[in-house]
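Model the full assembly from the supplied sequences, consistent with the hints where possible.
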Amino acid sequence: MRGFYNHDWDIILLMRRYGEEIKIEQKRAKELEKQAREAKHRKRRMR
Numbered sequence: 473m474r475g476f477y478n479h480d481w482d483i484i485l486l487m488r489r490y491g492e493e494i495k496i497e498q499k500r501a502k503e504l505e506k507q508a509r510e511a512k513h514r515k516r517r518m519r
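Going by the working numbering, the sequence shown opens with residue 473, and the numbers climb by one from there.
It is worth saying that the hints were derived from the structure and are not from the lab.
As the structure is a computational prediction, the values presented were derived from the model and not from experiment.
Some hints here could point you the wrong way.
[Claimed, not checked] Derived pair list, reagent style SDA-like, types lysine to any residue, alpha-carbon separation capped at 25 Å:
1) K499 / L485
2) K502 / R488
3) K515 / L504
4) K499 / R489
5) K499 / I484
6) K499 / R488
7) K495 / E505
8) K512 / A501
9) K495 / W481
10) K515 / R500
11) K499 / M487
12) K495 / E510
[To be verified] Computed Cβ-Cβ distance ranges for the label pairs, DEER-style:
13) I494 / R517: 33 to 43 Å
14) K515 / W481: 44 to 54 Å
15) A501 / N478: 26 to 36 Å
16) A508 / R488: 28 to 38 Å
17) A501 / H479: 26 to 36 Å
18) E510 / W481: 28 to 38 Å
19) L486 / A511: 33 to 43 Å
Just so it is clear, CB atoms sit at the ideal spot from N, CA and C, and this is done for glycine as well.
Following this line, the structure appears as structure tokens:
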């Protein structure tokens, strides 16, 4: 029973860490998208 509990805790910690990584990835993706959009606008303005 105790081993099962520890195993559950490991999974919870893993999921939490994984969730944080997903948040960071989403933030990075949004930043890249924003930069790409701004770059497109710059190109249009230069023409």
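> Broken hints, numbered, in rising order?
Replying inline: When the structure is compared with the hints, only number 18 turns out to be violated.
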